[in-house]
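S.K.: Protein chains in written order, with the numbering used here: chain A, 68 to 545; chain B, 1486 to 1591; chain C, 2 to 174; chain D, 63 to 689.
What the hints contain is simulated information worked out from the structure, not anything from laboratory work. For every residue, glycine included, the Cβ atom is placed at its ideal position computed from N, Cα and C. A hint or two may mislead.
Unchecked claim - Pair by pair, the computed Cβ-Cβ distance ranges are: (1) A:G233 <-> D:S261: 54 to 60 Å; (2) D:D64 <-> A:D419: 52 to 58 Å; (3) D:L127 <-> A:F86: 23 to 29 Å; (4) D:Q689 <-> C:F148: 33 to 39 Å; (5) A:D419 <-> D:Y612: 54 to 60 Å; (6) A:E255 <-> D:I687: 41 to 47 Å; (7) D:F648 <-> A:A501: 34 to 40 Å; (8) C:V155 <-> D:F646: 45 to 51 Å.
What the hints assert, rightly or not - For lysine to aspartate or glutamate, the following EDC-like pairs were computed, each having C-alpha atoms within a straight-line distance of at most 20 Å: (9) D:K87 <-> A:E502; (10) A:K430 <-> D:E174; (11) D:K88 <-> A:E502; (12) A:K356 <-> A:D216; (13) C:K132 <-> B:D1546; (14) A:K485 <-> D:D225; (15) D:K428 <-> D:E515; (16) C:K165 <-> B:D1546; (17) A:K226 <-> D:E638; (18) A:K356 <-> D:E638; (19) D:K264 <-> D:E124; (20) D:K370 <-> D:D615; (21) A:K360 <-> D:E638; (22) D:K222 <-> A:E502; (23) D:K222 <-> A:E420; (24) D:K222 <-> A:D216; (25) D:K222 <-> A:D530; (26) A:K430 <-> D:D173; (27) D:K222 <-> D:D173; (28) D:K137 <-> A:D530; (29) A:K485 <-> D:D228; (30) A:K360 <-> A:E414; (31) C:K27 <-> B:E1548; (32) C:K133 <-> B:E1548; (33) C:K133 <-> B:D1546; (34) C:K132 <-> B:E1548; (35) A:K526 <-> D:D615; (36) A:K219 <-> D:E638.
What the hints assert, rightly or not - Examples of chain D residues lying across from chain B (beta carbon under 8 Å, computed): (37) L669; (38) F672; (39) V675.
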Amino acid sequence: MDVTTILILLLVGAIATYFSGDKLASKVALVFSLGAFGLSLSLLSTYCNGGNISFIANWIDIPKVALAFKADGLAMAMVLLTTALTPLIIFSSFGNSFNNSKNFYALVMFMSFAMTGTFLAADGLLYYVFWELALIPIYFIALIWGNGDAEKRKKAVLKFFIYTLGGSLFMLIAFAYLYSKADSFLLEDLYKLDLTASEQCWVFFAFFLAYAIKIPIIPFHTWQAKVYQKAPTVGTMLLSGIMLKMGLYSVIRWQLPIAPDAAKTYMPVLIGLSIAGVIYGSIVALRQKDLKKLLAYSSLAHVGLIAAGCYTLTLDGLSGAVLQMIAHGFVIVGLFFAAEIIFRRYETRKIDEMGGIRTQTPKFTSMFMILVLASVALPGTFNFVGEFTVLYSLSQVNVWFAILGGTTIILGAYYMLKMFQNSMLGETNAKVFAEVTSNEAITFVVIIAFLLFFGLYPKPIVDLITPSLNEILSNINS
Amino acid sequence: MNNILNQIGIENYIFLSVLLFCIGVFGVLYRRNAIIVFMSIEIMLNAVNLLFVAFSTYHQDAEGQVFVFFSMAVAAAEVAVGLAILVSVFRNIGSIDIANLKNLKG
Amino acid sequence: MSPILITFYFLSAITLATAFLTIYSKNPIHSAIYLVLCFFSIAGHYLLFNAQFLAIVHIIVYSGAIMVLFLFTIMLMNLNKEDEVHKPRITRLGAITVFILMSVVLVTIFINSKTIMGDYDVSGEDFQSIKKLGNVLLNEYMVPFEFASILLLVAMIGVVLLSKKEKIGKSNE
Amino acid sequence: MDTNLALLLLLSPFVGFLFNIFFGKKVSRNVSGAIGTLTVLVSFLMSICFFAQLNQNGKALEIHLFDWISVHNFKLDFGLLLDQLSLLWLLFVTGIGSLIHLYSISYMHDDENMHKFFAYLNLFVFFMITLVVGDNLLVMFIGWEGVGLCSYLLIGFWHKNQDYNDAAKKAFIMNRIGDLGFLIGIFLLGSQFNTLNFSELKVALGGNLSLYTNICLCFAALCLFIGACGKSAQLPLYTWLPDAMAGPTPVSALIHAATMVTAGIFMVTRMNFLFDLTPEVQNIIAIVGALTALVAASIGLLQNDIKKVLAYSTVSQLGLMFLALGCGAYNVAVFHVITHAFFKACLFLGSGSVIHGLHGEQDMRKMGGLRKAMPITFWTMMISTLAIAGIFPFAGFWSKDEILMVAFEHNTILYVVASIASIMTAFYMFRLMYLTFFNDFRGTEEQKHHLHESPSLITIPLVILAILALIGGAINLPGSNWLNHFLEPILATKHEEHALGTHEYMLMGIALAGAVFGILWAYSKYIKQGFVPKQDSEITGFSKTIYNLYYVDEFYTFLIVRPLNSLSNFFRTTLETALGKLVFGFGTVANGLGTQGKKLQTGSIGLYLFAFVIGVLAILTYLFIAQ
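Input sequences plus hints: build the corresponding full structure.
M.R.: Dropping the structure here:
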């Protein structure tokens, strides 16, 4: 048993979904994604008991590319995030009906496959292939099943596609260069490379461009809000919940250890940029009128903080970043789902057109409230653990970074509560708002339970990721 | 006659074929009539063939001549096809002046 | 001056002159005829080298087949008139410049690289008799030889297809 | 065993919360209220148990529950600490909490969301207990933010009114500003000493400290104080507290008068060993406290909303407590916290009773003459008012007097400021009493018809609290000083006893005289002259400035909210578009290049051939030269 089984299962799931017909598609996808989740859990237990679940085999001889999948704690954490969120996301879409749903769910499964591959790949070219593969399904999902005016949507989605693809090309160049140096794409060989300062700088910024666009760090974020707004909610969840984390994960896995000196040299600039993203995203979110756009900008702010944590190059920063990635993955999926639930009933995403929902749906309100609070990192939720650790690591670098990054505590509360107040509270809305169905509630409950449990007891996850982060750090510092 | 190159010298052949080739190039650039352009191309081909044969003798090796043989086969095919294209172009446009063939304009 | 050298210079003069005239004459028919002459002179060169097989093939293929094709085409298009409009002066000047430049460059290159050429030696071995060539062609170069035939076949089919009158217009009517 | 009991103490209100949130709607209102009250009562009883135990053996109880967060240089446990300070707080939090729960059963009886109210209240008590018993700063921070959350939920309890929601949001955000300070303080301490545990910090701070560490400590102390400012409504973060009166009155009594707002004082007292090392910060605290006391009291002079008056009085009293903290007299501050909790809770509950009786009327201009109709409310409130005014021998007298004494020792200006604030307090409190309970009723006929004393569930807590307000001073009477002795183990520096000399008697006399002067002033104005405050529109001059709260809110709006919003608009419309254009710029450039490049493709074969030949030539020449 090794991690390839997860990939195979997801791929088979995608194919099976495609052939299962429109009626069954969602259920088949759910079954397979749950299967993948179970499989990754069982692999995790093997890993925790000291078993080897990595996989390596030759693939192409010239250039030398290997089918290398390295499953350490960090990768497993991210794989679990993916395989746990995929069934949730699929399940959350049970209330929608899509045209050609077999294509839709097959694409979702395929995307999950590609993202899992990205997290696991330990060979540069393989990783790149998965990285780009993940882009294709989301392009079609957003393009075909998105909402709003078709022309505008096409423009936004195309922009997103070309933008991220263009950024990744620089990464490809970097890999090609690294290959010419190391004569191998394998992660370990790339770690061992001894690059000069200027080489590192070039490689670092080539990677940075790819990741900064994907994460996104300002000023490379312009694709984000529009795509989040236009994509169907499932697509938005996939994008914000998992795909953003691909960029952040890659920073930790690829960018920092390969070009450590450059990372050290430019650390203040990078942290500064990330924190500028935090403040900028928060401020823009203050006056957003569209619920999904607001969440998009909140996401911009949060990932800014995560990126800042990554670039501190300290164990706290990295582990905080990973924790926050996981927490943010769950909470943003939940929040987008809440937006979707409102949309299902009111057919609008404009915050002005909502309001007065609380009296009609106490359950929904409570769950939404908890998610909002988790998003503003109230102590006791998992997000707090991540945010605290990241901010702590920032304060170790420079306390001003922590203060500036910490404004997210204030501004985040401001825009989230404002949004909550305007969308949920107030005089009872004239339009009827049906209480959440049990299907919808299950999704919420799972997310909330996860966030609260690990908020109080994050130790298992911390213990899982710390050894691999230490290994990466030793690569950075050697 | 084996000592022909001793008497003439390989350089002379090189200069001859270079000049011939250049005349071919000149023709291609100078004329607008597609058929003449074609002929110029044939001249260029022949210049190269000539050189092949010269060096075949120089090296006392048959391979050069074999190559010329193939080149002739290709040239024959090329001319056939090329002229067929010209014929159909002429049929469509009514002219084979290359100045009139502007469908490639971007 | 040996007779051979004289023959060489004579043939070369014919080759270059006819090649130039091919390009220069306004009437395509004249061009074609000059080209035939040019090909014949090249065949003469081949004979000088004692490459009889090639000389014969050359005459058959070029002077025989290709030139006939050219002539047919010219006549088919009714081009035996001197009605070609000259290219603009600048183009002609450019062509001449490029011609001179190219000659200079190529000649310079070859003059400069002459030193690496060794002396010519005669082994007396037979290397270009028809028998020998046939051996080489049908042993070592068997596969390319067959491919050449396929190429010719394909060219033949292609030409037939290309020069067939288009039927699309008819089917539309 | 102790662990289990402590968990019971901690989790009992949480169980109440869970019960009420999940099943509250299904059971009857009284059951829901009773469960809410009982769970808090259980905590109270547990607190008494622990208190008795502590009194016996004097040993603080430390309980480690589980590992929580770890960063590279230290790890944080989820642990509880039951020592003198936390038990003291527990006693009055759960005690007053139980009373207010009891009160709420009747007060909120007609509200459709009563079970939610009790759920939130229980949750609040749970978080408050967490705050108090946490054995490190971060667990305290859980409670710290948690009570902020409950405050948000309860202020916005009547969520149909967006003004109330605004008030709730304001409270939460202002608290969060303080919380950021708190967090930064935590970071500074954590990175310096590799621990956040109180006892370990105390040991670490006792050692020799470098200059750099001292500077860090200063900043840390300042940051923690900013946190306290947010939570305890001090300048400049106090404006949320008066707005927070939008919540139901029991909430104001419990959260915004007795317990949550004293969290700042609790924290500073808890970290007294830190603040003792940073006299600069102590000075800042004292000044901020005194100023807050003065400003809030002056605003209170002219307010007409009965709850707003009490709110400003709370802010003012909290200011006095911070003054005491700034002077290093932690025990005095704690003393005042406790007495203040008694009489202020009583006052709020009393005002709630009045509002209840008048069916929601809060404007004192429309009250009056309620003394007859609501005797119990009147007498209990009277006692508390006397206490807050500092009349001998009520609880407030002792504690306030000690604060003034400490201030006098510290700095005369601070003393004068505090005294003026006290006189103002006496004035506006009696103004409140006179306007509410004396003269004739000024409301509508219908209201007059329905005037009645509140039911016993409301009056019982009032009476208990009034008794406590009467005798509460006994815990730290000069001479016995029980509280001072009790708190000794947790205070780093010993607070010397006041020997009651003439000096002290004189100060007491002055304080008493000031209070009496304030009362008489109010008496002459509102009883003798029968003065009733003017309508809003008729207020002019400086009193208008005061009546409008010195325009602080407007100032904040102008200084922070407006710029932030316009910045947001600017970012959203201009900068976002510009950045988007910038990205599209690449596309536009590529497009332009294409359009221009298209022209190269003239379709002229001659030109192509030329280009081709020249290209070949160029390459040949290059190769030749390069050779």
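S.K.: Against the structure, test the hints numbered earlier, and report the numbers of the ones violated in rising order.
M.R.: 3, 5, 7, 16, 24, 25, 31, 35 and 37
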